[in-house]
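Participant: Chain by chain, the residues run as shown.
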Amino acid sequence: MAIHIKYFASLRDRLGRAEDQLSPAGAITAGEVWAILWPETPLPSNTLIAINMEYAEPAQPVHDGDEVAFFPPVTGG
Amino acid sequence: MKVELRETPFDPLAELARYQADQQAMQGQYGATAIFIGTLRDYNEQRSVTGMTLEHYPGMTERYLQRIVAAAISQWPVLDALLIHRYGALQPNDPIVLVAVWSAHRSAAFAACRWIMEELKSKAPFWKREQTPTGPHWVTHNTPG
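Residue numbers (our numbering), protein chains in the order written: chain B, 607 to 683; chain S, 1167 to 1311.
Errors might be hidden in some of the hints.
To be verified - Below, in silico cross-link-like pairs of lysine to aspartate or glutamate (EDC-like), each with a Cα-Cα straight-line distance of 16 Å or less:
(1) K1289/S <-> E663/B
(2) K1289/S <-> E660/B
(3) K612/B <-> E1221/S
(4) K612/B <-> E625/B
To be verified - Rough simulated footprint, nothing fancy, chain B against chain S, three-plus residues with beta-carbon under 8 Å:
(5) 1211–1224
(6) 1284–1290
(7) 1296–1307
None of these hints come from the bench; they were simulated from the model.
Note that CB positions come from ideal geometry on N, CA and C, so glycine has one too.
Excised from the complex, chain S in its bound form (with noise of 0.2 Å):
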């Protein structure tokens, strides 16, 4: 299991395949590999977005990332995850979140992946602040998905 907070941009295919190239224990064991990419748009709720600031809380916003994924591998069987998350300032286009659930099985992988997204979007605390033509705004809620 991995867990990271990255400041600047990172390649979430690349990062998916060194990570999965890199578990020894897993190899062979693995039927399935669901995978999660949030990416930045140039638009929201009916606005041109050409930016985002994405705070966090040094120390809780990790915590809480880790005790997400720990909680999906104790509670499906699940092989190994990975969850990459950015912070500080991104362009449209950029990845903000990986997530990347291993498992034996298809059922554990999707449901591991999209149980981690969604709890991390209600937990962890992170806040986004878009740039748009007409100047910037806090994000005030979740779309619903």
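Chain B with its partners taken away, still in its complex shape (with noise of 0.2 Å):
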């Protein structure tokens, strides 16, 4: 099992990729997702998070199996 990482529009770009895979040792929040796979790059003070297509905070935990995706504002309509 694994968490499932997605990112999209301009910061799939900026990235340089659309997905990731992580598997913790432990317990791990939305936050700390993005910390392990990208510790030189802060995460941008905008970004939303969703986890099974639910937005989150970083503070909320993930579990084995979930996805998780980080995006910038949406610009929909």
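Given two chains presented individually in distinct reference frames, assemble the corresponding complex, making use of the accompanying hints.
Facilitator: Next comes the structure, spelled out in structure tokens:
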């Protein structure tokens, strides 16, 4: 099992990839997922986070098998 | 209620007429229909726009659109609502979004239609990437409306 990570739009372009996988040793939050994957890149302040397609805060826990998405402010309509 | 994402261009007025004609339960009940159609301009913030790619998050986008429309129907005395939103490659003049709300009286239809659009613009995961004569760029924020 693992945590599946997705990046969208300008954030994906900036990072240079659309997806990641992570198998952390213990309990972890969405913010920690980012910090482990991008230790030299602070999470941009306007980044939105979704866990299993529901908006979430950085402190929210992430579990095995979850999908975590990071993306910039939305601009539909 | 119907919520749909479309990859190909659509005719909002034809969609509206077809949907309305198909809703048997609503016939004779609605006195007000509020409609919003968002269309791609050929300019944005002093720049010429030659096209746009609209990215979305498959699964999450549909979920939030459904939830927003359902919430509007439960908040106002609305008889029915229709939402169609494009994604993919768009050209200037292409309709981007159609919101239609039917109610007995105008107040609920106007309010719910406006609310759906504002909610959609702040919550539904879509991202616009405009093509301009000097190259493509991501749209970073919504205009005030």
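Participant: Taking the hints in turn, state whether each one holds.
Facilitator: Hints, verified against the model:
no., hint, result
1, K1289/S <-> E663/B, "holds (14 Å)"
2, K1289/S <-> E660/B, "holds (10 Å)"
3, K612/B <-> E1221/S, "holds (14 Å)"
4, K612/B <-> E625/B, "holds (5 Å)"
5, 1211–1224, "holds (count 4)"
6, 1284–1290, "holds (count 5)"
7, 1296–1307, "holds (count 4)"
Violated hints are absent here; each numbered hint is respected by the structure.
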